[in-house]
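Undergrad: Sequence:
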Amino acid sequence: MRMKKNYILSGLTFILLFLGCSKIKTPEAKIEREKWIAGFSDSIDYYKQQTQRIEENLQEINSKISNQLENFEMIKKAREVSGYYLLKGWSSKVPFTTTSIYARINENEKIELIATLQGSTFNQIAVGDGVSEVYSEKVPHDQAFNFRHERYNTVYFSGGKADTIAQFIAEHKTEKITLKFLEGKVKQNFIIPGNEKDMISSTWNLFNSQMEARTLQKELWICSRKIDTFRRMMDANKEMEPENLKQK
Numbered sequence: 006m007r008m009k010k011n012y013i014l015s016g017l018t019f020i021l022l023f024l025g026c027s028k029i030k031t032p033e034a035k036i037e038r039e040k041w042i043a044g045f046s047d048s049i050d051y052y053k054q055q056t057q058r059i060e061e062n063l064q065e066i067n068s069k070i071s072n073q074l075e076n077f078e079m080i081k082k083a084r085e086v087s088g089y090y091l092l093k094g095w096s097s098k099v100p101f102t103t104t105s106i107y108a109r110i111n112e113n114e115k116i117e118l119i120a121t122l123q124g125s126t127f128n129q130i131a132v133g134d135g136v137s138e139v140y141s142e143k144v145p146h147d148q149a150f151n152f153r154h155e156r157y158n159t160v161y162f163s164g165g166k167a168d169t170i171a172q173f174i175a176e177h178k179t180e181k182i183t184l185k186f187l188e189g190k191v192k193q194n195f196i197i198p199g200n201e202k203d204m205i206s207s208t209w210n211l212f213n214s215q216m217e218a219r220t221l222q223k224e225l226w227i228c229s230r231k232i233d234t235f236r237r238m239m240d241a242n243k244e245m246e247p248e249n250l251k252q253k
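Position 52 of the sequence shown, counting from 1, maps to 57 under the working numbering, and the rest follow consecutively.
Since the hints were made in silico from the structure, they are not lab data.
It is possible that some hints are incorrect.
Unchecked claim - Restraint-style ranges between C-beta atoms, simulated for each label pair: (1) 227 with 85: 32 to 38 Å; (2) 180 with 124: 23 to 29 Å; (3) 147 with 222: 32 to 38 Å; (4) 180 with 233: 46 to 52 Å; (5) 240 with 219: 27 to 33 Å; (6) 124 with 145: 49 to 55 Å.
We treat Cβ as the ideally placed atom computed from N, Cα and C, and that holds for glycine.
The task is simple: from the sequences and hints, build the whole structure.
TA: So, in structure tokens, the structure goes:
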């Protein structure tokens, strides 16, 4: 009888211990969920730090752009649809009626290269330093972006390949750069003078700073969206907590 009693007491003790442990021990799924939710807060902190870094870089690049713009002037002509930024001191020199090339930045912050060839025609250009060359797109004769007047031909180049040419000139401005005027198999060479290389280099530097600013603004927008997303996920998970569900 005593053995049976001891057996019953031992069984009750085991049950009580088991129940006590079950209250203390948190289920693995709950632990993982808590870690998952805590990760939202860590992510928010991370993107806040990123936002601060980007804002500091953006402030710095905007200050740089402001200083660079002091060397440019906005040109607006009645016969042209939109204005453009041109390096100061060049408005009286362009448009050229002799073989030459210069750069400007339009109101949409896109760089444009304007090349002029006297005595012949062309629809494409290339620049090289004797080691490497970069080519523009072909611009067909249309009297808009490729127009002819008397004994000279002027072509406007823009887009990714024009950007590459401007960058090439800026990065090699201390070297001898050959500008090639191309049309089919016809090719004419022109050595870009120092003042035109410096002018294009200054224009490229401003354009490049503006590109950096746009990239940072995009990164800032992405960080803001990520922070908002993680906050919404945190709020949604808080609403699903048992104590919050009971209050509803």
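Undergrad: If a hint holds in the structure, say so; if it does not, say that too.
TA: A quick look at each hint next to the structure:
no. : hint                     : result
1   : 227 with 85: 32 to 38 Å  : holds (36 Å)
2   : 180 with 124: 23 to 29 Å : holds (27 Å)
3   : 147 with 222: 32 to 38 Å : holds (35 Å)
4   : 180 with 233: 46 to 52 Å : holds (49 Å)
5   : 240 with 219: 27 to 33 Å : holds (32 Å)
6   : 124 with 145: 49 to 55 Å : violated (20 Å)
Violation of the numbered hints given earlier is confined to hint 6; every other hint is satisfied by the structure.
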